[in-house]
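Visitor: Residue numbers (my numbering), protein chains in the order written: chain A, 1 to 431; chain B, 1001 to 1431.
Don't read these hints as lab results, they were simulated from the structure.
The model shown is predicted, which means the values in this text are computed figures rather than measured ones.
Hints may contain errors.
To be verified - Here are the simulated DMTMM-like pairs of lysine to aspartate or glutamate, each with C-alpha atoms no more than 20 Å apart in a straight line: (1) Lys1296(B) to Glu364(A); (2) Lys19(A) to Asp1390(B); (3) Lys378(A) to Asp1011(B); (4) Lys156(A) to Asp129(A); (5) Lys418(A) to Glu341(A); (6) Lys321(A) to Asp1300(B); (7) Lys19(A) to Asp164(A); (8) Lys313(A) to Asp1417(B).
As the list claims (entries may be wrong) - Listing some non-contacts, in silico: residues in chain A with all C-beta distances to chain B over 10 Å: (9) Tyr13; (10) Arg172; (11) Trp201; (12) Thr240; (13) Ser335; (14) Arg346; (15) Gly368; (16) Val404.
Just so you know, even glycine gets a beta-carbon here, dropped at the ideal spot from N, CA and C.
2 protein chains.
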Amino acid sequence: EPEPIDINIPDNYVQHTLKTQKELPPITWSNWYRELQWISVLALTITPALAIYGAFTTKLTWQTGLFSVFYYYVTGLGITAGYHRLWAHRSYNASKPLQYFLALAGSGAVEGSIKWWSRGHRAHHRYTDTELDPYSAQKGFWWSHVGWMLFKPRRKPGVADVSDLSRNEVVRWQHRWYVWLILGMGFGLPTVVPGLLWGDWWGGFFYAGALRLTFVHHSTFCVNSLAHWLGETPFDDKHTPRDHVITALVTIGEGYHNFHHQFPMDYRNAIKWYQYDPTKWFIMACQWVGLASHLKTFPDNEVRKGQLTMQLKRLRETQEKLTWAPDSNDLPIVSWDSFQEQSAKRPLILIAGFIHDVASFLDEHPGGRHLLVKYIGKDATTAFFGGVYDHSNAAHNLLSMHRVGILQHGYRQSLDDKAIPPAQRLRIARY
Amino acid sequence: EPEPIDINIPDNYVQHTLKTQKELPPITWSNWYRELQWISVLALTITPALAIYGAFTTKLTWQTGLFSVFYYYVTGLGITAGYHRLWAHRSYNASKPLQYFLALAGSGAVEGSIKWWSRGHRAHHRYTDTELDPYSAQKGFWWSHVGWMLFKPRRKPGVADVSDLSRNEVVRWQHRWYVWLILGMGFGLPTVVPGLLWGDWWGGFFYAGALRLTFVHHSTFCVNSLAHWLGETPFDDKHTPRDHVITALVTIGEGYHNFHHQFPMDYRNAIKWYQYDPTKWFIMACQWVGLASHLKTFPDNEVRKGQLTMQLKRLRETQEKLTWAPDSNDLPIVSWDSFQEQSAKRPLILIAGFIHDVASFLDEHPGGRHLLVKYIGKDATTAFFGGVYDHSNAAHNLLSMHRVGILQHGYRQSLDDKAIPPAQRLRIARY
Ligand code: HEM
Ligand code: HEM
Ligand SMILES: [Fe+2]
Ligand SMILES: [Fe+2]
Ligand SMILES: [Fe+2]
Ligand SMILES: [Fe+2]
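Chain A extracted, bound-state conformation:
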């Protein structure tokens, strides 16, 4: 029985590792060719080269075209529903047949074995955006897209436990036969099917094999690059992951990456029914036919807390940008006599205990100048609050902007609705 690798991890593992672990020098124009990881470089250049060569030399038949698209989805789902949501995140349980299907399909995407892939991916989640993240978006779009594979990693990815995968029979089987599986599923099967069924061997090899694989590659790579760059952060903005429908379209539904990083063990990436997440639909379909079970979801209460926080963050920016009424504590207390005396010089109106200077508003008043003039030096509370006209909340807010003083012994200055302009009754506060 393998033990979890992090069972004896110290309390300060992250800080300690960052401080003491050696790092390779950064990739530069003068050293890059010495730092290449040749296996990945070859796999990621020969495949598209074959695809381009094939496109110029081999006619595309509609059968092979359709089959290539179909096989793109099959092998893509091997990664998204298999490698990613099942094995890396344990977001549901899959029966043996489904596991073998996903392991085979995922092999056809030629992205390393489940075990290797999940180990890196768990580190990506555990140390997102840090030096211990194998494909940190902080190192730039191209680094997170392919750079991290083309070059030798500058550091070992941070510790991540995959002992559960080491115990899994299907994962072990795939890891063991991996080289044969990529040859068979990546090129063999997509060549043989069009070859035997409609005689298009070369078309199968170039289109369903090489071209399809190029697309699957960059499609899944987009989850590490595009999904950390494009879109909104509706659930949390602590890290780079973002939600965008374009990324979702390109990645078979993995584009709601802000949600995914916040709730990684949720089998869904998109939570709304109308959002594009075919990987989720596939997992649901597997559940319906009995191949999958225990689909995990994060409690809705906590999901909505995240959304609420983000909305409040945004509204708080608005709140801080707006100009608000002067604070009651900053206004002078004015005696009745002084109010009378001042009113002879400028148009002061008393409403709800506050003295307002309406000089700039006399000719703007939609109810007419005459109604304001009438109340200079007087208390217009009743008239303003509905006796003559039940002013809109907007009018109340505007009124508060004209406050210049508080009448001594006047209207009780409590936390009363009349003293607080409507727009200031609900406020976003920070604790």
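Assemble the complex: chain A is given as a structure, and chain B with the ligands must be docked to it using the hints.
Guide: Then chain B with the ligands, alone, in the frame of chain A:
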């Protein structure tokens, strides 16, 4: 010089009027035919009857069809840009030629003179949704659409000053010649233009006259009915007015009625460029060619306050529906010894001074059961806050739900970010 009618209005006019003014009995199945207002009944039944008769007897030519649509917009704008935004609300200044054009066009909509119409409309704004509102939406959709015209009003509309209109030469001219103007603009002109230009006298009369008028009628009536029923309240929800694009499409842009009731002297009804408000576009065009000036807008700062308040109201409902961590004041203070003793019986973990019971979470923990078990009876603050894994804000929120006690003399329980779950740092508070 006419004086404003409300210059000597008492402080408690509204309450006093509602209490003392006599009201006619409600319309019922037994009295309705005695309460009909025959002029309106005839105008609003004969016009559509003519339109229907015409549709069955007269072929519609494309020229007359196009002209009818065009004339629908002309006479509709007479009401929306003229009667409504210019005269009832004084939301901009119009040169004499524009005023005559709008007065003529508005006459073609056959909805009463500018003076009569504005007096009622100002009362509608001043006493929205109350007994003093001539077309109060509180009395039902059909009452606000046509009922208020078909039957004798149950009460006099509340006082509203139109002395500015009594001083206006164009308004006075239109009021004086009103009967001739509706005949000429409502039926004469739309019959004569198609008649003289392409020989379609009857088509002009039925389509550009009667049918077009029926549409203009119900189009503008929709501002009183549909616009008080359908849609959202993004600026204020004190009264019935609502914003909806469908109402806007039907009413030449008057469908952003929630905005309009909140900011009635704003020449715009829609504030976003992509919203459908051709009346606003028309007024802007008139400004460009020098026919209109002094287009009034409500200060953006105050508009945004209204929007903010409404958004906070909605988010506060979410905030209240969600389940939050137990209040620190409700948690027991637990000594270190008691924490140790209890930890032997159930899985208690100390983080940031709070004791958490993670029994229900042990097997759910995405980082694995082993990492939690390791910390039973111990302080996991450093590990949880990034030493081992820098948990997501969602994880922090979830953690707070497991709080069962506070360690005595433990972590300083201040208003510190570690003690307050991320989702509770920003809160909507009511003053
Ligand atoms: C400085 C104090 C005042 C401010 C800032 C103010 C503001 C406003 C505003 C913004 C409106 C437009 C409609 C609305 O938003 O509800 C309005 C309309 C009106 N105001 Fe005032 N007002 C003030 C004082 C008064 C007073 C003291 C009276 C009465 C004695 C009064 C009577 C009216 C009336 C009758 C209207 C309705 C106009 C109409 O819709 O035809 N206002 N006021
Ligand atoms: C009751 C206390 C705990 C709760 C509620 C909790 C919650 C969670 C949650 C929700 C995740 C998923 C990822 C995320 O949302 O950030 C997670 C992951 C993780 N937790 Fe905890 N955790 C707790 C205690 C701990 C402790 C004490 C440790 C370390 C000693 C730890 C280590 C980890 C690790 C390493 C992961 C990453 C798993 C991965 O992405 O592969 N957790 N935890
Ligand atoms: Fe990611
Ligand atoms: Fe992931
Ligand atoms: Fe209205
Ligand atoms: Fe209006």
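Visitor: Against each hint, give a clear statement of whether it holds in the structure.
Guide: Checked hints:
no.	hint	in the structure
1	Lys1296(B) to Glu364(A)	10 Å, holds
2	Lys19(A) to Asp1390(B)	17 Å, holds
3	Lys378(A) to Asp1011(B)	11 Å, holds
4	Lys156(A) to Asp129(A)	15 Å, holds
5	Lys418(A) to Glu341(A)	25 Å, violated
6	Lys321(A) to Asp1300(B)	12 Å, holds
7	Lys19(A) to Asp164(A)	29 Å, violated
8	Lys313(A) to Asp1417(B)	16 Å, holds
9	Tyr13	5 Å, violated
10	Arg172	19 Å, holds
11	Trp201	46 Å, holds
12	Thr240	13 Å, holds
13	Ser335	23 Å, holds
14	Arg346	21 Å, holds
15	Gly368	6 Å, violated
16	Val404	18 Å, holds
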